Amino acid sequence: MNCAKFEPLIALYVESDLPTSEASVVETHLEGCAECREFAAEMRDSQAALKALRMDFVEEVVFQEVRAEVLNRVSMPRKQAAWPRYAIAAMLLMGLWVAWLRLTRPAASLDVEPRAAVIAPPPVTPTSAPQHRVRSPRVTKHRAFKSEPLLVKIVTDDPQVVIYWLVDQNGG
Amino acid sequence: MQELVLLMEAGGVDARDEELGRLVKQAKAGDMAAFEAILVRYQRQVLLTALRLLNRNLEDAKDAAQQVFLRLHRSLHQLDENRHFASWLYRITVNVCRDMLRARRPALSLEEAGEVAAAAGEDTIQQNEQRRMIYAALATLPERERTAVVLRDLEGLTTSEVARIMGRSEVTVRSQISNARVKIRKFVTRRQRRPQ
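Those sequence lines, one after another, are chains A and B. Counting in my numbering, the first sequence runs from 1 upward without gaps. Counting in my numbering, the second sequence runs from 1001 upward without gaps.
Chain B on its own, in the form it takes in the complex (with noise of 0.2 angstroms):
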């Protein structure tokens, strides 16, 4: 939990901030709308997250979130109120994937990926081909280049707080970072030159 201290700590203090501090204070009153405003605030973060991480499947993902939300009001009594805690939220929600994914099996093969991007979602495949075959290039990561270049490219995180979300270097994780970038480009390179 000293961890999240210094996540927090690490975090500025704007008025979104005060806002949430004020949810967290009323939430660990036992204030149930409160804590409901706050899964409402971090859902999408959570949830869309963990969809990534977790190569699409949803019900992972829901799994996922209800557990780093569940994680979320154990630790409610810990948190400061005054900081910002969405870097906490990222690095719980990138340890429970990571739990999760670890307990099932390692990331897909580029054969095994062709089939998830084949099989994923309900989207017409012309105005969807290109995101399927993406995903389908973030599965073939190994856990960690998938979870940096996610947080830096899908969420926007600067280098600095991936590294600190992931507990690494910063050198670490710009690596971790170009790895991912340079297999992503090979694998949609290389479907995109496959003969249909």
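Looking at chain A on its own, in the form it has when it is part of the complex (with noise of 0.2 angstroms):
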């Protein structure tokens, strides 16, 4: 190895940077080579300069204004940030007032008046396994006047199918 390539090797032997296999080698090298231990010494000198700069300090007050600009920057955008809520309730408060005019604007008037369809309910056929069984029908009496029909109720297995059946005084 020339001594070119052991600059490298010298310039973080120097500051103890080397694995001691590697640092073994340089201390070899140095021993026999003037030029490489001037190269060294050198090195050595520059860096105590390099390192003098650990001394700089900086005064108190621009650390103050850092600080202070740090600090103000960080609350502003809290002040800013209000402005979005406020849009989004009054946005809400709109909504609430459109809502509140539909509902209490007069409702139309129906051109059409309201029909009751009666719709037949499906013949009930027994099979041999049947899904809700049938049981006999009940029949509810409601007050019924001679001109309305009757209502028959009819129950089923399954409490949530119950079957009305409007019938007129004839039974049809």
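Among the hints, a few may not be true.
The calculated lysine to aspartate or glutamate pairs, modelled on EDC-like cross-linking and capped at a C-alpha distance of 16 angstroms, are [claimed, not checked]:
1. 51(A) <-> 65(A)
2. 1183(B) <-> 1170(B)
3. 5(A) <-> 35(A)
4. 1062(B) <-> 69(A)
5. 153(A) <-> 168(A)
6. 1062(B) <-> 22(A)
7. 51(A) <-> 15(A)
8. 1186(B) <-> 42(A)
9. 1183(B) <-> 45(A)
10. 51(A) <-> 1170(B)
11. 1062(B) <-> 65(A)
12. 1062(B) <-> 1099(B)
13. 1186(B) <-> 38(A)
14. 5(A) <-> 27(A)
15. 1183(B) <-> 7(A)
16. 1186(B) <-> 59(A)
17. 1062(B) <-> 59(A)
18. 1186(B) <-> 7(A)
19. 1028(B) <-> 1080(B)
20. 1025(B) <-> 1080(B)
21. 1186(B) <-> 35(A)
22. 1183(B) <-> 42(A)
23. 51(A) <-> 1155(B)
24. 1183(B) <-> 1143(B)
Hints listed in this document are in silico derivations from the structure and should not be mistaken for laboratory results. Every value quoted in this text rests on a predicted model; they were computed, and no experiment measured them.
Join these two chains into a complex; the hints should help.
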């Protein structure tokens, strides 16, 4: 290995940045090479000068300026962030107002009178395994006037299924 | 932000970190006094690193430090208060300074660096000629070499810490540190041998 190749190693050696094995190789070379010893001495000098910059200081007023600016900018977004909330609140209020207007507006009159639709119940056909076993019809008699039809309520096993049947006085 | 978690996990937990954890917890809850206490604790690290990476330009360094602390504030909710985050701050500082430098101009040439050395600071020439010369030498380095040597030799971090902060392998960073030292030595030697 020639001296030029030792320079990068010496640059690390002077700051003890080399592993022991490489450091011993450098030490052996330095013992027999005056040029590299001079290089190492210069390297130590320049490193000492470099490390002297560790003593640099910055006046407290500079730190205060930095802190003041940071704290000021950190607190600013909170003030700015308030307007979207006001905008959303305003939109909600407007929506509620429109809804209220629609609810309080008089309902439009219907031209067509509502008609009651009577749908005949499906015929009950007993099967071997009925899904809903139909009990014998239980007739509930409401206060029926002569002209009014009877209401027949058919209850199945399923409590969710109740069949209502409107029949006239003749049982039709 | 995954990098942040990795960096935080890499750090140890000591009494100082515990106190920091308490401050971070309070800052997360909106306690501005706690956040300011964090700034006080790390302002020197951030500002001086920025100053060294930004060729001793104090205004740029202040700007960089502000950006770093604003990023810290934005990331507070993601910080694990029980972990050390000095490495994370170094990394953000390095990134902010790198972006600022790239937005402006590359490293100074040797001739330009000489002008910086002559113009920098208000200190007396006799006392601080060497410091200015070193700053001038740092200004000539490529960005990554300068970052590596600043973190290793001025901030006193280990090579592995520098590698973690820079997102490079230890071998690469060691090479960058070595190159930087050789170049600084060369710069200093030339300046010292130059006839006045």
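Q. Residue 1183(B) and residue 1170(B): Cα distance at most 16 angstroms?
A. 20 angstroms, violated
Q | Hint consistency between residue 5(A) and residue 27(A) [alpha-carbon to alpha-carbon, up to 16 angstroms] | A | 14 angstroms, holds
Q: Below or equal to 16 angstroms on CA atoms is what counts here, so check residue 1186(B) against residue 38(A).
A: Holds, because 13 angstroms separates the two Cα atoms, which is no more than 16 angstroms.
Q. Taking only the CA atoms, is the gap from residue 1028(B) to residue 1080(B) under or equal to 16 angstroms?
A. 11 angstroms, holds
Q. Straight-line Cα separation of residue 1062(B) and residue 65(A) no greater than 16 angstroms?
A. 8 angstroms, holds
(Q) Please verify whether residue 1186(B) and residue 35(A) have alpha carbons no more than 16 angstroms apart. (A) 14 angstroms, holds
Q | Straight-line alpha-carbon gap residue 153(A) to residue 168(A), limit 16 angstroms | A | Holds - the C-alpha atoms of residue 168(A) and residue 153(A) are around 14 angstroms apart, at most 16 angstroms.
Q | Proposed proximity, residue 69(A) with residue 1062(B) (alpha carbon, max 16 angstroms) | A | Roughly 10 angstroms between the alpha carbons, so the hint for residue 1062(B) and residue 69(A) holds.
Q: Please work out if residue 1183(B) and residue 7(A) have their alpha carbons no farther apart than 16 angstroms.
A: 11 angstroms, holds
Q.
Given the hinted pair residue 1186(B) and residue 42(A), is their Cα-Cα distance within 16 angstroms?
A. Roughly 9 angstroms between the alpha carbons, so the hint for residue 1186(B) and residue 42(A) holds.
Q. When you check the alpha-carbon spacing of residue 5(A) and residue 35(A), does it fall within 16 angstroms?
A. Cα-Cα ~13 angstroms, so holds.
Q) Would the pair residue 1062(B) and residue 1099(B) pass a check requiring their Cα atoms to be no farther apart than 16 angstroms? A) Holds, at roughly 15 angstroms.
Hint compliance for this structure: hints 1, 2, 6, 10 and 16 are not met, and every other hint is.
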